[in-house]
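Chains as they are written, first to last, in the working numbering: chain G, 942 to 1318; chain F, 942 to 1318; chain D, 942 to 1318; chain X, 942 to 1318.
Honestly, I wouldn't trust all of these hints.
Where chains are identical, the list cannot tell them apart; a pair therefore holds if satisfied intra-copy or between any two copies.
Straight-line distance between alpha carbons at most 27 Å, and here's what the computed DSSO-like set of lysine-lysine pairs gives [stated by the list, open to error]: (1) Lys-1055 <-> Lys-1310; (2) Lys-1310 <-> Lys-1071; (3) Lys-1306 <-> Lys-1071; (4) Lys-1055 <-> Lys-1126; (5) Lys-975 <-> Lys-1126; (6) Lys-975 <-> Lys-1055; (7) Lys-1055 <-> Lys-1306; (8) Lys-975 <-> Lys-1071; (9) Lys-975 <-> Lys-1310; (10) Lys-1306 <-> Lys-975.
Note that these hints are calculated values from the structure, not bench results.
Protein chains: 4
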Amino acid sequence: MRDMVEIGLGKVARRAYHLDDVSLVPSRRTRDVKDVSTVWQLDAYRFDIPCVAHPSDASMSPATAIELGRLGGLGVLNAEGLWCRYEDPTEILAQLSSCGEDEDLSAATRLLQKVYSEPIRPELITERVKQIRDGGVRVAVRVSPRHTLSLAPVILDAGIDILVIQGTTVSAEHVSTNEEPLNLKEFIADLDLPVIVGGCTSYQTALHLMRTGAAGVIVGVGADRWTTFDNVLGIRLPMATAIADAAAARRDYLDETGGRYVHLIADGGVETSGEIALALACGADAVMLGQPLANAAEAPAGGAWWHSAANHPELPRGWYCPPAEGPRPPLRQVLYGPSDDPYGGINLFGGLRQAMAKCGYSDLKEFQKVELLLRPE
Amino acid sequence: MRDMVEIGLGKVARRAYHLDDVSLVPSRRTRDVKDVSTVWQLDAYRFDIPCVAHPSDASMSPATAIELGRLGGLGVLNAEGLWCRYEDPTEILAQLSSCGEDEDLSAATRLLQKVYSEPIRPELITERVKQIRDGGVRVAVRVSPRHTLSLAPVILDAGIDILVIQGTTVSAEHVSTNEEPLNLKEFIADLDLPVIVGGCTSYQTALHLMRTGAAGVIVGVGADRWTTFDNVLGIRLPMATAIADAAAARRDYLDETGGRYVHLIADGGVETSGEIALALACGADAVMLGQPLANAAEAPAGGAWWHSAANHPELPRGWYCPPAEGPRPPLRQVLYGPSDDPYGGINLFGGLRQAMAKCGYSDLKEFQKVELLLRPE
Amino acid sequence: MRDMVEIGLGKVARRAYHLDDVSLVPSRRTRDVKDVSTVWQLDAYRFDIPCVAHPSDASMSPATAIELGRLGGLGVLNAEGLWCRYEDPTEILAQLSSCGEDEDLSAATRLLQKVYSEPIRPELITERVKQIRDGGVRVAVRVSPRHTLSLAPVILDAGIDILVIQGTTVSAEHVSTNEEPLNLKEFIADLDLPVIVGGCTSYQTALHLMRTGAAGVIVGVGADRWTTFDNVLGIRLPMATAIADAAAARRDYLDETGGRYVHLIADGGVETSGEIALALACGADAVMLGQPLANAAEAPAGGAWWHSAANHPELPRGWYCPPAEGPRPPLRQVLYGPSDDPYGGINLFGGLRQAMAKCGYSDLKEFQKVELLLRPE
Amino acid sequence: MRDMVEIGLGKVARRAYHLDDVSLVPSRRTRDVKDVSTVWQLDAYRFDIPCVAHPSDASMSPATAIELGRLGGLGVLNAEGLWCRYEDPTEILAQLSSCGEDEDLSAATRLLQKVYSEPIRPELITERVKQIRDGGVRVAVRVSPRHTLSLAPVILDAGIDILVIQGTTVSAEHVSTNEEPLNLKEFIADLDLPVIVGGCTSYQTALHLMRTGAAGVIVGVGADRWTTFDNVLGIRLPMATAIADAAAARRDYLDETGGRYVHLIADGGVETSGEIALALACGADAVMLGQPLANAAEAPAGGAWWHSAANHPELPRGWYCPPAEGPRPPLRQVLYGPSDDPYGGINLFGGLRQAMAKCGYSDLKEFQKVELLLRPE
């Protein structure tokens, strides 16, 4: 049953699957959609929907982090993003909302590289955190593993609720002869707030990250239609397999600790209500959404979208996506409808509820047990 | 042989197949096409062709229900459609026949949502049923599970031959804390006319629906090229697998009851004569046709097509398909030819007969035994 | 290893493969291309190349049958084609060479249906056969199973070398209550010339056709990019599997008869030198070529192409392919080069020789043993 | 686990995989990119990067061979290319840099056929070799098996470091009744410089080529998006499988000789940093790059690209690729960045380093052990 394939003499590869390769199978019972709950609880915090924002500057400003929090999700501001590099990044964001219209992707890439070359200003982190806290919602801030030791003190002092340590492919064991690597386990042990860490891409890494004491582990590296990890690094991450593997790690870690449940947040290729349902069905506890939030009327870059890997100074791994034409729905409508988009991009969590009801499940944890089928290759 | 695949550690999915994934294999015998019969008998009713109309307003008006009946098939009027909401829906249908020409799908979706927000008028159901009955054909009316208890009395009083209780993903066990759910088994037991119920999507649900006493079970949810259940709900239904599974349920139920044969009506992705043949070959007794009938010259919406899921007020799951260009063939020609369309969209049942002849089978029940092959992935 | 798949509970399908799914694997030896022979011998007749013409009016006129014969292949005239319906079909062919330019496929289909509705004139068969015989080449004529009893006497009296009885899906056992079916075995036993019969689509049918006494069996139904058997009938015929299955029948029949070797002629989807090589590698002794010959400068319909199934009066199963733009190469160049087309459509048999040399084989029979690989799905 | 498939009765094919079918799986450890080494050592020669130039005239002139050598790779000049046929090919290269702009591929093919019909002039080989040697880099020259006996003396006398004997599908056992074939084993035994030989396509051929005494074996035939071996010859070579098979031969040969390690150079379909990483992960020691080098600012044909098989006089097996629009990066930037191309075509070896770091490996040999996954079919 384990799908190991010999791709050549003595060289094997394991078959892996994307979310779009699987489908939910309704059980023999259906449920009233009004009986379905999408509540997600992480540590002491309760959210109406299992929705964490991907901390891209295209989706998250202090204002949209507040708005998402008010609507029941968890906003995450990037401590290394434009809001923490510029006193007022609105003009830059305006510029970023309209480049690429002549389809010169390289020019957009160069602009991204340029605006992100400005240094991070710690005092701005403090200011942005205060702004979100004043909005009356949970405050979550993202920092990369590389900058955690230097920026974490500022971030923590600013008074946040949840710390997100996120890079593409984070491991619990980073080896370097050049600088002292971050010891995640020690670092987290010293904190008294929940930490979300990732992204990870395998059972082993997920398990190791769980053992650092993290409250949540991000599965996936945010790979979506606009990222090119595949072309640049030869690394592709079929999310259905990645989530299921991490769920196995969660199960084993639960057993090993006699009851510590670490939440899995799926980050990659989740754009529609159908994909949210599939990610949860594969075993995720919540999803990290990027582009769908960047498309909301309130989004900071006017509907444009880019993954943070798109602005790497020497090796960009994503491309700039210009705003779609036509009016953009307010964030509330993106999350809760009503929708006039038959493709599942609006009413994301209404769609999830409907999927759960059709399949016969009334809460998220139970829904992880839904049967799956694999569509023809 | 059972195709269970481990998509991740401890998480399995079953491989499933679409009609287009399989192909008929001619046996070593061929038959004269004149010796082939396509007769289908449901309960006391005999039809020249195994053709049931999908009760969309784009394909079924009282007039087309009559025409289809005269041509040997079974028309089905939607008790919750435009004909039972408006005294005279012709102007609305005319509007619906031409929107979408500027390709603004959202606008078409909004129009659908608007025209279906008008309340259902029970007295119109009575009137429409009378009109079809006066046409001298079998009268079948569709109602959703949700409205069955309220509308069925009106429908039954109006004097119909066959009741169709159809929703997307109907189960024999609907759970609700808000309203008393329909008990299909008790409901059907009280009736003295054949009931067709569905759509169902698995062996379990099919078997449970058979046990409600239904004469026919609809397999599938009408998913076609214009529906987006997949994007919105994460539910995809490969029809070859769904039909074969339901056929296994039919076999087991036949054994369990010592002889009750429940008919399977395949509803989903059946557009060409080739697909009709494949659906029957997988085990269906008849097919439910939507778009191919909506394309006939007599069709109520001038060739436009939409699935009823396309007009959901908050979560539309299908898109409006504008009429194809060029002249549209009369319904008789759609069903029986002659055809000048090499793609199998005209002469649907002449094509079926030819397929049966080439494969060496002379009636529908026998044809269910034809061998299949799976095309390369 | 046998690839049976359960597509649903209790319903299996066998996996089948197209020519384009497989690839030749060069052995550890290479050969000088000058040492490679492509000679094919059918009964008493020797051909320089294993090339039989598909008897479409788009590829075969008396003149092109002669030209192909002179160049080392076997031309086949259709006794039911335009040349045997019209005293002089050149004007009709000219019309057929230019319709479809406005891409109205239905109009082209209707024209095909119209021109083929003219009755067959037996005296023209006699005349066309004489014309080809006078050209000094082997004369082969195609007749359908349905017309064999009525037309064969005329055809045989006209003095041919090889009779081709060909329909789509021919079986050795045609069942009819309306007319006495052709008994192929008795019919062939009475003849003293080699008969090629087909197309067949499975091991069973191939074996049964071999037992009729045929010298050659056609595998496949000529399905190519321009046929739509799939859409219209639900019948798709992956040629790699069909040829290999028929080759197994040939082996078993050879054993059963203590040495009668029946030739397999692959008819379907063979357009390039690469596909010729693959068809032979799967077990064919020769290939039937249609569109590639119709594209030659001498071809009767100016480069247009249609399969005979495209002109069925009630159920067309193929579409008209208008001529490609630009100059068309003479038949000699199509077969033997030189080529300036990197896509394998010119120098068809030079390409075959090169493939045989690269793989290390020097004659056709030996080449059937070449190893294959299956490309990723 | 070995993937043998029965494609028809008694006929099997082995499943094979392309580089794009597999993906790297990061291990649980990550590494600092500064700790990663891409050094490759062939015989006595050390290279900063495992990069060998494909000896096409589109990528390699004496000048670009020098430039590549200076940048840490190995340039290879084609002894049968334009530089050894024309005193000054710059005008021809200019012509070749702009044809095909009107998309007439046949015209480009004919031009290629024409310019390569000029005879090879041995004295030019001597001159070109001198020129490269004067550039202070390692000198490698390519000759085809067919011309090895006649041209090798000139090439060797000119004073080179590495001889590359390369044709499409080279075997250790070429059979001919027309001319005495090259005995590779004897030929190589007589030389005192390292020889690279290939391309080979299977375990058997790789092993036999290793036994000739070659220092390096080329795996693959340079098949890329612009070659058509498939269409013309029916030969397709999935590189992941070919490389892994050759790596198994390398292992077995190492054992059989008690320690002779033959290097594998992957030639085919390697265009991006991701594909370089995948080729090495499958077992290659180095990659042969064609089109990516032809796209550099310094490239001889102004950004145009063609494989040497594209100019075959009678059977071309590749097509001319006109230059991409826009500015072209200098070779240094192609190899080492910085990149503004998110698709992995620039900073090829920076991308490789990053991939190695993310996966947790610090040198090339170790990196061959990285785990792979197979993406869904």
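Hints, one by one, checked against the model:
1. Lys-1055 <-> Lys-1310: neither (46 Å within a copy, 37 Å between copies)
2. Lys-1310 <-> Lys-1071: neither (40 Å within a copy, 48 Å between copies)
3. Lys-1306 <-> Lys-1071: Answer is neither; intra-copy 34 Å and inter-copy 50 Å both fail.
4. Lys-1055 <-> Lys-1126: neither (35 Å within a copy, 56 Å between copies)
5. Lys-975 <-> Lys-1126: between (42 Å within a copy, 24 Å between copies)
6. Lys-975 <-> Lys-1055: between (49 Å within a copy, 23 Å between copies)
7. Lys-1055 <-> Lys-1306: neither (44 Å within a copy, 36 Å between copies)
8. Lys-975 <-> Lys-1071: neither (37 Å within a copy, 37 Å between copies)
9. Lys-975 <-> Lys-1310: Answer is within: at 20 Å inside a copy they meet the 27 Å cutoff, but 44 Å across does not.
10. Lys-1306 <-> Lys-975: So Lys-1306 and Lys-975 pass the 27 Å test inside one copy only (17 Å; across, 43 Å).
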